[in-house]
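Sequences are here, hints too, so could you generate the full structure?
Number of protein chains: 2
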Amino acid sequence: MTKSEVVKIILENHQSAPVAFGEAFAPANIALAKYWGKRDEELNLPRTPSLSVSLGQYGSHTKISQTDNGDFYMLNGQVVAADTSFARRLGLYLDLFRPDTDFFFRVETVNSIPTAAGLASSASAYAALVFALNDFFQWRLDKTALSILARLGSGSACRSVYRGFVEWQAGTAESGMDSFALPLAHTWPDLCLGLIEISSEEKPVSSRAGMKRTVQSSVLYKNWPEKVEKDLERLKTAIEKKDFALLGQTAESNALAMHATMIAAWPPLLYWLPQSLETIHKIHRLRDEGLPVFFTMDAGPNIKLLFEAKDKDDVSHQFENIKIIQPFDWAGEKT
Amino acid sequence: MTKSEVVKIILENHQSAPVAFGEAFAPANIALAKYWGKRDEELNLPRTPSLSVSLGQYGSHTKISQTDNGDFYMLNGQVVAADTSFARRLGLYLDLFRPDTDFFFRVETVNSIPTAAGLASSASAYAALVFALNDFFQWRLDKTALSILARLGSGSACRSVYRGFVEWQAGTAESGMDSFALPLAHTWPDLCLGLIEISSEEKPVSSRAGMKRTVQSSVLYKNWPEKVEKDLERLKTAIEKKDFALLGQTAESNALAMHATMIAAWPPLLYWLPQSLETIHKIHRLRDEGLPVFFTMDAGPNIKLLFEAKDKDDVSHQFENIKIIQPFDWAGEKT
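For the record, the sequence lines run as chains P and X.
Start counting the first sequence at 1; every next residue gets the next number (the working numbering).
Start counting the second sequence at 336; every next residue gets the next number (the working numbering).
Hints listed in this document are in silico derivations from the structure and should not be mistaken for laboratory results.
The C-beta atom is built at its ideal place from N, Cα and C for all residues, glycine as well.
It is possible that part of the hints are untrue.
[Claimed, not checked] Lysine-lysine pairs mimicking PhoX-like chemistry, simulated, CA-CA at most 20 Å apart: (1) X:LYS547 x X:LYS557; (2) X:LYS565 x P:LYS222; (3) X:LYS373 x X:LYS338; (4) X:LYS557 x P:LYS230; (5) P:LYS222 x X:LYS557; (6) P:LYS143 x P:LYS63; (7) X:LYS538 x P:LYS282; (8) X:LYS617 x P:LYS203; (9) X:LYS645 x X:LYS577; (10) P:LYS143 x P:LYS242; (11) X:LYS658 x X:LYS647; (12) X:LYS658 x X:LYS645.
[As the list claims (entries may be wrong)] Rough simulated footprint, nothing fancy, chain P against chain X, three-plus residues with beta-carbon under 8 Å: (13) 509–520; (14) 555–566; (15) 593–601; (16) 613–624.
What follows is the structure, given as structure tokens:
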């Protein structure tokens, strides 16, 4: 099935009456059980479910309106040149929603997180874009439909349509109509994330290409689905029982196993930089010394710490330039 | 089955007539398809076959004789204290061969490679010890029997009884009598190894403990046997056809996959240091620039380069303090 067929099904019984402009925010999200590997490259259908936590007030704010003479994109106040991969990808996505071929969009996005630095900015960007399109065209779609549309832009964007803990169910349908996100009921006010930026450079291999290479060439990938399945159960138990050690261990182990599947790909996918490894060893040392701090990583060199509010001072003392986020307690945030 | 039962079977029809002293050398070896994971902890029986290349003149030289009042060990000219793990392990191994409980050994070993730095010194040490015992007791055992005895001391030692390319066949027997090394017929005079020492410190987790943890806790380990099987076939093809790119790729991919199984263990096994990763990225950069250099790593932070004699100058120019070894061409060595 193609993306436009999916869009057609979703918009079937919805009017499309553009207003002056649409506007929306969507939070970034960090997966605790990762999305790694597609079963459908076109529709971004995953081979496994995944589970994330959203980043509260950090994400993307997008404003959309109609314009003449071709699309016009701004990202963080800068005009985006049409020949960039960012613009090409966005243009192809917007093609799915143009009322006719002469219809052009002006899209302004402001990310409160670094772009393409492994901090999942494409997730919040595509979720915010879909929200903004929904606002602009007055579709009044429900969140399930918006999650599916966001997935067509970037897989993990389907999780950014909700706040808090979110599960993306993999689904089995060829159309992907059962592959969307759902929020988990539980909150965890004491849960803290600590973003440690190792590098803000664009990563050498995109997540999309990295996943594909891993699925195709890594023998160890075969057991990844089993790993995710087990970890999802553990994470849900940890969230229900507020068992922080179980949450931290599971998230760290899941991230390391994902990187392990990449390391065993050919050519090897090594998103880690020396400083990433230094930080990992430091986290393990701190844990050996009794500080309950764990980490997760995405397809990039940056590190995201997991710890509890009670250890906030100890953790920020150990890591310079850390950005601490409490996903369930925005007022308590240190920016 | 116990080690002493195996020793009894092997020595059954062999006289044991100690002479003044026994003396022998065995080369170190570096696996191109790794030994990682045991099916029998007592007998060091592997879950998979493995394939190595010996390090020519680099290895262990051991002299053995009888002494009074307890064993006496010297390593690289230093007396080894009885309460070290080295001495305890060696003492337990020698127990297998004492004519009676009052019989004590004086063992002097000189390693021409750093101990416990991931350069497989236990392999050459136990192989040299078994050769020296064979010389001392006048057993006149064949290499298959010596390989089995060396395995009882340290798994990979069974490969150090031969020079050149060596395959350790995993075997299926409970006794391990079919689990020993055999030499490959082919040589490769132009093949070069480059040892890069990142750290000579004792590793935080021994190979023995690391293997066990990986087998028990790493979901990704399940596909390791399949990986080794494929890589062994590729390596044999590469050796037969002198296809260096295939040899290098396969060895590097095998080593990375082994580390990947460890990274996915819990607690995570991260033998890499930041400088290991820096060196790996450098190798990949050099390869992108056209220099055919690959690497392998064992359960430690050190890196072993693989390249051809024609690129020796380029490689040594890029890596300071590299130790270059031509396993099949000793005369051409740079020490």
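- Going back to the hint list, which numbers does this structure go against? 10 and 13
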